[in-house]
Amino acid sequence: MRKGVCLGAVVLLAPILVAQDISLEGLAALGLKAKETVEVNLDSNMLQLASRFLSDRDPDQAKTRELVSGLKGIYVRSYTFDKPGQYTGDDVNKIRSLVSGSEWQKIVDVKSTKNDGESTGIYLRSDGKQIKSVVILSAEAKEFTVVNIVGNIDPARLNELGGKFGVPQVNFSNDRSRSQKKDD
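In case it helps, our numbering puts the sequence shown at residues 28 to 211.
Mixed in with the good hints there might be a few duds.
As the list claims (entries may be wrong) - Derived EDC-like pairs: lysine to aspartate or glutamate, alpha-carbon spacing no greater than 16 Å straight-line:
no., residue 1, residue 2
1, 110, 143
2, 110, 145
3, 141, 167
4, 62, 130
5, 138, 87
6, 169, 109
7, 60, 154
8, 138, 109
9, 121, 52
10, 60, 118
11, 169, 154
12, 156, 117
13, 169, 63
14, 110, 52
15, 133, 109
16, 159, 130
17, 169, 143
18, 169, 130
19, 110, 63
20, 60, 130
21, 159, 70
FYI, nobody ran anything at the bench for these hints, they're computed from the structure.
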């Protein structure tokens, strides 16, 4: 995810089929071009199993365990490329088209003013009372990441997922200092 960007809003369905809210299978071809691929597929069973390793004695881990209990899945696809131009705008638009229906609301849209085409979008699906799904899309010159978090979640607690279960560190509050990552 873009370093030093504060995203001032949110992240996160159906246990009958697969919990994944959008299909990320169309991105598989990007893995063949990427120098590094990260793929995380945690359905509700795997999340509950993983949360058992979190300590109730550590306050941060206890909060994460409680937060995960309402999730149905976390799905991440992240591709890092050797050079710019190894993925196209069509690849980005495939994901945007999946979150463009009337059920979805774009709540954050950050676009670079440079010609590098960098952009970040956060898309939310809710029932009007509860967040049901969030998709985070981050497109940079040499990195493309999609995160889909599915389940009932309190938006005020989304920061607690950052850095865990493959979810990038993102700040979903007005406090910029907590979201900024140090440059490598």
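Satisfaction of hint between residue 52 and residue 110, Cα-Cα up to 16 Å: Violated. Residue 110 to residue 52 sits at ~23 Å, over the 16 Å cutoff.
Hinted pair residue 138 and residue 87, Cα distance within 16 Å: violated (33 Å)
16 Å Cα cutoff - pair residue 138, residue 109: Answer violated: residue 138 to residue 109 is near 22 Å, above 16 Å.
Given hint residue 145 paired with residue 110 - CA-CA distance at most 16 Å: Holds: residue 110 and residue 145 sit about 14 Å apart, inside 16 Å.
Residue 141 paired with residue 167 [C-alpha distance capped at 16 Å]: holds (11 Å)
Agreement of residue 60 and residue 130 with the hint, judged by alpha carbon distance not exceeding 16 Å: violated (32 Å)
Given hint residue 130 paired with residue 169 - CA-CA distance at most 16 Å: Violated - the C-alpha atoms of residue 130 and residue 169 are around 31 Å apart, more than 16 Å.
Pairwise hint evaluation, residue 154 against residue 60, where the allowed Cα distance is 16 Å at most: violated (38 Å)
Holds or violated: residue 169 to residue 63, with C-alpha atoms at most 16 Å apart: Status holds; Cα separation ~11 Å.
Pair hint residue 121 and residue 52, alpha-carbon separation not exceeding 16 Å: Between residue 121 and residue 52 the Cα gap is close to 11 Å, so the pair holds against 16 Å.
Agreement of residue 60 and residue 118 with the hint, judged by alpha carbon distance not exceeding 16 Å: holds (13 Å)
Hint consistency between residue 110 and residue 143 [alpha-carbon to alpha-carbon, up to 16 Å]: holds (12 Å)
The structure fails to meet hints 4, 5, 7, 8, 11, 12, 14, 15, 18 and 20 from the earlier list, while all remaining hints are met.
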